[in-house]
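Peer 1: Here the protein sequences line up with chains A and B, keeping their order. Convert by adding 652 to the 1-based position in the first sequence; the result is the number in the working numbering. Convert by adding 52 to the 1-based position in the second sequence; the result is the number in the working numbering.
Note that these hints are calculated values from the structure, not bench results. From the three backbone atoms N, C-alpha and C, an ideal C-beta is built for every residue, glycine too. Honestly, I wouldn't trust all of these hints.
[To be verified] To give a feel for the contact side, a few chain B residues facing chain A, derived at Cβ under 10 Å:
#1 Glu-172
#2 Thr-183
#3 Val-203
#4 Pro-205
#5 Ala-286
#6 Ser-423
#7 Val-441
[Said to hold, decoys possible] Pairwise CB distance ranges, derived in the manner of DEER restraints:
#8 A:Ser-1038 / B:Arg-381: 37 to 45 Å
#9 B:Lys-241 / A:Asp-1031: 23 to 31 Å
#10 A:Gly-1221 / B:Ile-101: 17 to 25 Å
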Amino acid sequence: MNDKKIRKRIEKIAKKISKDIMVRVENRVVYLEGRTNSWEDYLKLGILAGKIKDVKGVVNNIDYPGKKKMIRKQGGKEKVGEADVVIIGAGVVGCAIARELSKYEINVIIIEKAEDVACGVTKANNAMVHTGIGEKMGTLKQRLCVEGHKMYERLCEELNVPYEKCGMWIVLTKDSLKFKIPSFLANFIAKRIIPFIILRRGKKLGIPMKVVKRKELLKEEPNVTKDALVAVYSPTYGITSPYLLTIALAENAIENGAKIMLNTEVVDVMVKDSRIKGVVTTKGIIEAKYVINAAGLYADEIAEMAGAREYTIHPKKGATLIFDKEYGNYINHSMSLLRLPRTEHYKGGGVMLTVDGNIQWGPTISEVEDKEDTSVTADEIEEIFSMFSPLLPHFPRAVIAYFSGVRAATFTEDFFIEASEKVKGFIHVAGIQSPGLTAAPAIAKMVVNILEKEIPLEKKTNFNPYRKKPVVFRELSIEEKKKMIEKNPAYGKIVCRCEHVTEGEIIDAIHGKIPALNIDAIKRRTRAGMGRCHGSFCLPKVAKILSREAGIPLEKVLKDGEGSRLFIGKAKCLLEEK
Amino acid sequence: MFAGGKMKAGIVVIGGGPAGLAASLKASEYTDVMLLERDELGGILQQCIHDGFGNFIFGKMLTGPEYAEHFIERARDAGIDIRVGTTVLQVEGKKIVASGSDGILEIETKAIVLAMGCRERSRCQILIPGTRPAGIYTAGTAQRLINVEGVMPGRKVVILGSGDVGLMMARRLTLEGAEVEGVYEIMPKPGGLIRNVVQCLHDYNIPLHLCHTVVDIKGKKRLEGVVVAKVNEAMKPIKGTERFIPCDCLILAVGLIPENELSRQIGVAIDSRTQGPIVDERMETSVEGVFACGNVVHVHDLVDDVTIAGEIAGENAGKYAIGEFERIRKGKVIAGENVRYVVPQILRGMEDVTSYLRVEKEMENVKLIVSGKKTFEKKYRIVRPAEMVKVKVNADILTSNEVRIDVKS
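All chains should be modelled from the sequences, with the hints used to inform the complete structure.
Peer 2: Below you can see the structure in the form of structure tokens.
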């Protein structure tokens, strides 16, 4: 379809929802202006436009009552840096790009508004390394997912990051098909036709898969529902740790010459004569020839600053439950329950193994208005139980934690990765939602390919792909533990009793290449506070160690960056006020 | 300074709180004892600076640290090999691996006493929805923060749960100048001892809202408020009763769970109701030579009872270590009508014994009936789930098979 046809199609739909909508289409990018009565209508229009064939991007500028306006912070006026390439956002994608670029003779600065890397979309990821079988055929995200998956093993080996090919069952039960058809027909379709379709698709993509009969499935996974009819097994499905991977990518990039600026927020993108000149941040100006927009949920706002907006991010929340390690061996492989047709509320997810030994259930999916809505609602908790209980009917409900992540989706629901045609030197890496973690290494390669067309990239001769593994006390043998404690007695002092994290590991994290300067940053690196008591015992201890090692007064220690002070002051501070 | 390495001990006591201290002291009368404590001796008593400890044993009200000190001094004098800052990593049979700044200890022992205590139930375990900002603490953590670390957890506080620790913290925070907006309790009755409701809430005009719970937590970086709601008889929130309370601190006192990760590793059978090891009147668990006492077995109201249980476990572990203990496992105790649990769960019927039990619901003018070979009755004006019932049972009532305890009107 050409621009005119696309416009006509959208105008027709828009009229039914609101009379005050203006549609403009330019190079297959849809621009929606005007107003509606509600956020729901705003959302509906964006989604409808995104579904139309040949639409490349949807910029949804429609106003509605209560819509939050973008507030730009004050930027610094001094020049604080200079680079060939500035990467905005230190999530897994930004850090993967930085690491890939650090292989070349080129100056790279990563800019991150949070106090640590992996603080946005990345940290609340479900840690699955997908094969790509579940993605829509022919999409960019499927291609990059399949490619990324193949790169994972080596990447995690080089960076010393946990990665396990835990395998995954796609289980079909008699409830898998929600169509109104006779049960014998449904059974036949579930047992014969669907596995065949999945297998054929796997073959096409080069993903090994096999069909497993009910009896074999139940033998391998005795806790799975007896209602299972058949399963398709995917042996190459993997799991990793999204934040450990991101930290490792960033550390390795830094080791190879990249720079990172944390607590630094981009407030403007400098463009002159349709060419990138740099960025203005809360810390000051950074001059650059290229800006890579890996800002996740804020990618649309960054693109807007550059005058190169071709998409709007509509946040989609996903909640996940984490269960006690005690039941970590309840299943042998990750699993999902196939349900057709896919509904608004059920779009996959599953019962997942983790590299830490806990099982997690989820995620859910729901549109949210607020990009930072990481709440978990009572309905979501209930929904997760009702989604996956049919798969494991007797699983003990020993929840130790739950969290929500927000997906940075565009209305076209595919990755948006390309050099901007409007602004030279601005590279979009937007709309990275699931399977973004898997695709990250392939995205990084793609971005390098894009850059290569613009500037000559010369390989470094001294690039070091390896990153030293931090000490993980609980993984060591008794003999290794003895040696570590002999060298440094702090490795003998267990601080987090649930996860057996030692004082030595916490000190290492605080003084790491990217220093962990708040409780959550330490938690992500060491697992202190991630166990069943969830920090009840170790929080005061970790806070004290952080206070001592980083020279922060105890009462000023933060949980998770600015505004998250754990304590309001010293004891007696309120009495003194009075 | 001690060095790490391989060593032997007659008895290893895991946990240096009141249970472990009492067990170590008693056991040391029989053989050599090693006491492993991950933090410091005294356990949670060290942060309990209020008084109310020791009325039963010492006949006077002591503070937590005073009560602990009494036992710590004696333990030092008794020549017990005390290792603080030492965490047990694993137990296989009677081989224990522990870690401390001195190194890794590999200890072979004849008997083990489990005295690891309990931990607090967390926000996620009771599935409170909402965000995850700073400012949410379990009551014990808050107590430690104020009393030991010297920092204030919040300015305006909501407390969920009216167990004893929650009540104590309501008073403690008020004395520290914080505003305690109220204590919310999901049950229709307070969860703590009556004396604590009076002394900690009434005396300070802190409202107690029964049949209420927290249904949402608001705030991104630091807590901004909670939503409370009334609950129905099924303890489900009632729509339309929600109320937003601005606050910067939420304290959770929503129950304690015995810490039995090591017990499970050893293969000790766990009672699903107490969540602690199944023990007999000598505090022996289902694994021969492994004894347990204190809050690791079931959550006690009074430290005095913990000490008594510790002494029983220590004495019998001592006898076991020197070969003067005959293992007999028989005589089940059935928790009957309105009895949530009974400890010990196994009675051999060879000596008089004190049974500890908790009732399911509050009842007035009831009879507690112990039925075995004979029947024994005791009258109570009131029984409450919050208050443990102690009952002495004479050996002649017990049989070798089964004893049943009911609480009826």
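Peer 1: Taking the Cβ atom of Gly-1221 (chain A) and the Cβ atom of Ile-101 (chain B), is their distance within the range 17 to 25 Å?
Peer 2: Distance hint for Gly-1221 (chain A), Ile-101 (chain B) holds at roughly 19 Å.
Peer 1: Classify the hint on Val-203 (chain B) as holds or violated, based on whether any CB of chain A lies nearer than 10 Å to its CB.
Peer 2: holds (4 Å)
Peer 1: Is the interface hint for Val-441 (chain B) satisfied, with its Cβ closer than 10 Å to some Cβ of chain A?
Peer 2: violated (29 Å)
Peer 1: Taking the least C-beta to C-beta distance, is Glu-172 (chain B) closer than 10 Å to chain A?
Peer 2: holds (5 Å)
Peer 1: Is it true that Ser-1038 (chain A) and Arg-381 (chain B) lie within 37 to 45 Å of each other by Cβ?
Peer 2: For Ser-1038 (chain A) and Arg-381 (chain B) the Cβ distance comes to about 43 Å; the hint holds.
Peer 1: Using 10 Å as the Cβ threshold, decide whether Pro-205 (chain B) counts as touching chain A.
Peer 2: holds (6 Å)
Peer 1: Under 10 Å, Cβ to Cβ, is where Thr-183 (chain B) needs to be relative to chain A, so tell me if that hint holds or is violated.
Peer 2: The hint holds - Thr-183 (chain B) has a Cβ within 10 Å of chain A, the shortest such distance being about 5 Å.
Peer 1: May I ask you to test the hint 23 to 31 Å on the CB atoms belonging to Lys-241 (chain B) and Asp-1031 (chain A)?
Peer 2: For Lys-241 (chain B) and Asp-1031 (chain A) the Cβ distance comes to about 30 Å; the hint holds.
Peer 1: For the restraint on Ala-286 (chain B), tell me whether the closest CB of chain A is nearer than 10 Å.
Peer 2: Where the cut-off is 10 Å and the nearest Cβ of chain A is about 15 Å from Ala-286 (chain B), the hint is violated.
Peer 1: Answer holds if the nearest beta-carbon of chain A is closer than 10 Å to that of Ser-423 (chain B); otherwise answer violated.
Peer 2: The hint is violated - Ser-423 (chain B) has no Cβ within 10 Å of chain A, the shortest such distance being about 34 Å.
Against the hints set out earlier in the document, violations occur for numbers 5, 6 and 7.
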